[in-house]
Amino acid sequence: MVTVTHNKLVYITYSILDARGMVVEQHDIPVGFVHGANSGILPAIESAVAGRKVGDRVEITLAPEEGYGLRDESLVFVEELDNVPPQFRRVGAEVLFENESGETKAFYVTSIEDGKLRLDGNPSLAGQSVTCLVNVMDIRDATPEEIRNGRPLDAAPGTMH
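Residue numbers (my numbering): 1 to 161.
Hints in this document: simulated from the structure, not taken from any laboratory. These figures come from a predicted structure and were not determined experimentally. Built from N, CA and C at the ideal position, the CB exists for glycine as well. Do not take every clue at face value.
Stated by the list, open to error - Pair by pair, the computed Cβ-Cβ distance ranges are:
id: 1; residue 1: L70; residue 2: G92; range: 42 to 50 Å
id: 2; residue 1: G115; residue 2: D154; range: 50 to 58 Å
id: 3; residue 1: S74; residue 2: G40; range: 50 to 58 Å
id: 4; residue 1: K105; residue 2: S15; range: 39 to 47 Å
id: 5; residue 1: P64; residue 2: H27; range: 37 to 45 Å
id: 6; residue 1: A50; residue 2: L96; range: 20 to 28 Å
id: 7; residue 1: S74; residue 2: K116; range: 16 to 24 Å
id: 8; residue 1: K116; residue 2: K53; range: 18 to 26 Å
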């Protein structure tokens, strides 16, 4: 039986649940990564699937530092409602800001009270622990190029085992 080891290409599906058990993110189309090859996948997920086989399901609790990060209050702004264009005067509106180097960041309107609008650039789950439910869908040997990239070259997993 093939298991997840170094330089194996692993395909997973996963769901992320908030502290109340509500699904906040779900990937039903398999996501591939090369185990141990700096793929960009969260280290806690990579560690949790090590030694697993196709069909295994793993539940992982991620502390804020391992998942969406801690809240950064410097990413919260309060603006006079009159200074905000009408299309952004609603809770949930997304506002994109660009810095001097051309990088953009999304901020969301989180409240409107007393003629003031509050914008928050933190991820909605910042500062919270989340639970990841990970399903191992496929495992195969990675090619040398996939090992260099940390990701699969094909768009879909191979044959299920």
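Here's how the hints hold up against the structure:
About 23 Å separates the C-beta atoms of L70 and G92, a value inconsistent with the hinted range of 42 to 50 Å. Checking the proposed 50 to 58 Å range against G115 and D154 shows it holds: the Cβ atoms sit about 54 Å from each other. In this structure, S74 and G40 break the distance hint of 50 to 58 Å, their C-beta atoms being roughly 26 Å apart. Distance hint for K105 and S15: a CB-CB separation of about 26 Å, inconsistent with the stated range 39 to 47 Å.
The hinted window of 37 to 45 Å between P64 and H27 is violated, with their beta carbons roughly 21 Å apart. At about 38 Å, the CB distance of A50 to L96 disagrees with the hint of 20 to 28 Å. Range check, S74 to K116: Cβ separation about 18 Å, and the 16 to 24 Å hint holds. For K116 and K53, the hinted distance range of 18 to 26 Å is not satisfied, since their beta carbons lie about 54 Å from each other.
The structure does not agree with the numbered hints 1, 3, 4, 5, 6 and 8 stated previously, though it agrees with the rest.
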